[in-house]
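Chains as they are written, first to last, in our numbering: chain G, 1 to 144; chain X, 1 to 144; chain B, 1 to 99; chain Y, 1 to 99.
Derived by calculation from the structure, the hints in this document are not laboratory data. Where hints are given, some of them may not hold.
To be verified - A few chain Y residues facing chain G, derived, Cβ under 7 angstroms: (1) Ala9; (2) Ser10; (3) Ala49; (4) Leu52; (5) Ala55; (6) Phe57; (7) Val73; (8) Thr74; (9) Gly75.
To be verified - For each label pair, taking beta carbons as the anchor points, the in silico distance ranges come out as: (10) X:Arg137 to G:Glu140: 41 to 47 angstroms; (11) G:Ser122 to Y:Met1: 31 to 37 angstroms; (12) X:Asp11 to G:Pro58: 48 to 54 angstroms.
We put the beta carbon where it would ideally sit given N, CA and C, even for glycine.
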Amino acid sequence: MKVQVTDAPFDPWREIESYRREHPELAGKYGATAIFVGTLRELSHGAQVSTMTLEHYPGMTERELEATCREAAGRWDILDCLVLHRVGKLAPDEPIVLVAVWAAHRAPAFDACRHVVEALKSRVPFWKRERTASGERWVEPESP
Amino acid sequence: MKVQVTDAPFDPWREIESYRREHPELAGKYGATAIFVGTLRELSHGAQVSTMTLEHYPGMTERELEATCREAAGRWDILDCLVLHRVGKLAPDEPIVLVAVWAAHRAPAFDACRHVVEALKSRVPFWKRERTASGERWVEPESP
Amino acid sequence: MSITVRFFASVRERLGKAEVVLNAAGVRDVADVWARATGEPRPARLLAAVNLEHAGFDRPVRDGDEVAFFPPVTGGQTTFTTENTEDTEAKEDNEKRPL
Amino acid sequence: MSITVRFFASVRERLGKAEVVLNAAGVRDVADVWARATGEPRPARLLAAVNLEHAGFDRPVRDGDEVAFFPPVTGGQTTFTTENTEDTEAKEDNEKRPL
Numbered sequence: 001m002k003v004q005v006t007d008a009p010f011d012p013w014r015e016i017e018s019y020r021r022e023h024p025e026l027a028g029k030y031g032a033t034a035i036f037v038g039t040l041r042e043l044s045h046g047a048q049v050s051t052m053t054l055e056h057y058p059g060m061t062e063r064e065l066e067a068t069c070r071e072a073a074g075r076w077d078i079l080d081c082l083v084l085h086r087v088g089k090l091a092p093d094e095p096i097v098l099v100a101v102w103a104a105h106r107a108p109a110f111d112a113c114r115h116v117v118e119a120l121k122s123r124v125p126f127w128k129r130e131r132t133a134s135g136e137r138w139v140e141p142e143s144p
Numbered sequence: 001m002k003v004q005v006t007d008a009p010f011d012p013w014r015e016i017e018s019y020r021r022e023h024p025e026l027a028g029k030y031g032a033t034a035i036f037v038g039t040l041r042e043l044s045h046g047a048q049v050s051t052m053t054l055e056h057y058p059g060m061t062e063r064e065l066e067a068t069c070r071e072a073a074g075r076w077d078i079l080d081c082l083v084l085h086r087v088g089k090l091a092p093d094e095p096i097v098l099v100a101v102w103a104a105h106r107a108p109a110f111d112a113c114r115h116v117v118e119a120l121k122s123r124v125p126f127w128k129r130e131r132t133a134s135g136e137r138w139v140e141p142e143s144p
Numbered sequence: 001m002s003i004t005v006r007f008f009a010s011v012r013e014r015l016g017k018a019e020v021v022l023n024a025a026g027v028r029d030v031a032d033v034w035a036r037a038t039g040e041p042r043p044a045r046l047l048a049a050v051n052l053e054h055a056g057f058d059r060p061v062r063d064g065d066e067v068a069f070f071p072p073v074t075g076g077q078t079t080f081t082t083e084n085t086e087d088t089e090a091k092e093d094n095e096k097r098p099l
Numbered sequence: 001m002s003i004t005v006r007f008f009a010s011v012r013e014r015l016g017k018a019e020v021v022l023n024a025a026g027v028r029d030v031a032d033v034w035a036r037a038t039g040e041p042r043p044a045r046l047l048a049a050v051n052l053e054h055a056g057f058d059r060p061v062r063d064g065d066e067v068a069f070f071p072p073v074t075g076g077q078t079t080f081t082t083e084n085t086e087d088t089e090a091k092e093d094n095e096k097r098p099l
């Protein structure tokens with residue numbers, strides 16, 4: 001298991017590949033890899049491009065991400081879990097978050113991956129501030 | 001949208017990257033990428049390594065895969081869908097299938113990806129034959 | 001009337017043939033195609049397609065159709081018949097690894 | 001009794017401070033910490049953590065604790081406040097593209 005918060009852009013495919021290489025014991029054990037990548041969208045075409053700044057609570061963030069992964073591993077039969085979350089200033093089309101789950105079977109892989117992604121919306125201390133043509137503002141949370 | 005059946009090993013991450021590069025119009029539009037990779041597991045540790053041969057019905061396979069993606073695009077608000085499926089002889093730890101779905105939001109990305117993965121179990125004409133220590137046999141379908 | 005009949009996977013193996021062309025006047029539906037092409041009773045859980053589309057056995061056939069017969073499909077992720085043993089193993093691995 | 005109090009995101013901005021150290025004899029719970037550290041009423045939907053763990057406002061605090069206050073979290077995928085406009089756009093794109 002690995003959770004990491006980074007203030008530099010990352011390439012999700014390279015991260016998955018290198019994590020997999022660092023864990024050769026997974027080879028042949030997993031039949032399913034479920035992956036989610038969250039990416040910064042543009043607000044709109046052309047001029048209205050947005051940038052995003054992600055603030056977080058260092059220490060608590062990692063703790064909550066680890067707790068979420070452990071929770072998923074307790075609830076579903078998974079083999080491993082990798083979470084990367086970006087902080088700082090992002091440009092459109094840059095990855096914000098990567099969640100990868102390895103499991104023997106597809107159902108626990110999908111379920112656990114989605115569980116971790118949903119936790120990012122409710123309990124992990126990240127806050128987004130977006131810049132649009134009309135200025136900067138904090139992003140409001142989704143209604144539950 | 002792209003569906004492809006291939007008898008050569010493939011690298012799912014490279015395939016996703018190159019598909020994304022071939023579709024620059026997606027940039028900034030998608031906030032969510034949901035991915036599933038199915039991989040050949042070993043039957044067991046050590047000697048009991050299995051190989052797998054995948055037979056399919058050329059023509060019908062592609063048609064069913066395309067129908068499944070179109071169905072997903074009709075049912076959920078997704079932007080694009082990529083499916084690669086291996087056929088022929090596979091070694092353990094090799095990818096069998098890649099399903100990648102791009103969408104503005106996470107829920108349709110997850111739902112559509114899972115829908116396509118489940119369709120592989122029920123309607124797309126692939127048949128697996130596995131070789132174990134005790135000989136070769138056709139893999140039985142899962143109970144529904 | 002000419003119908004191309006194709007067999008896949010375990011059905012192909014059991015019959016010992018992959019394809020036959022049926023010169024089949026009087027053949028009305030998919031069930032007739034199976035009977036004429038094989039002379040055998042239909043195995044349990046046999047599936048059929050007409051012109052690359054899933055079809056029932058009562059589906060009418062016409063001159064030039066391609067009719068295929070095959071067992072239930074097993075695509076996607078691996079599924080072993082030794083599923084139970086596998087699940088136990090996966091759980092053990094899960095507990096042993098420092099996740 | 002010394003408690004480190006931290007503020008994040010819009011809460012930090014509104015208060016104009018990121019951290020204060022409270023020398024706070026008689027402070028019993030998280031609600032007291034907020035009152036003493038800010039002198040303001042609690043905003044709607046304020047969240048709190050004690051020692052890096054989510055906590056309610058009735059959670060007792062002790063000497064050396066780190067108490068944090070912040071708004072609801074917005075991690076993971078992007079969510080814009082102009083959600084409706086966005087959804088319409090996404091659908092249009094979807095229909096226009098030769099998926």
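Verification of the supplied hints:
1. Ala9: With Cβ-Cβ at 4 angstroms, under 7 angstroms, it holds.
2. Ser10: holds, 5 angstroms
3. Ala49: holds, 6 angstroms
4. Leu52: holds, 4 angstroms
5. Ala55: Not OK, violated: Ala55 (chain Y) not within 7 angstroms of chain G, min 11 angstroms.
6. Phe57: Because about 17 angstroms separates Phe57 (chain Y) from the closest Cβ in chain G, which is outside the 7 angstroms limit, the hint is violated.
7. Val73: holds, 6 angstroms
8. Thr74: holds, 5 angstroms
9. Gly75: Constraint on Gly75 (chain Y) satisfied, holds at 3 angstroms.
10. X:Arg137 to G:Glu140: 41 to 47 angstroms: violated, 56 angstroms
11. G:Ser122 to Y:Met1: 31 to 37 angstroms: holds, 32 angstroms
12. X:Asp11 to G:Pro58: 48 to 54 angstroms: violated, 35 angstroms
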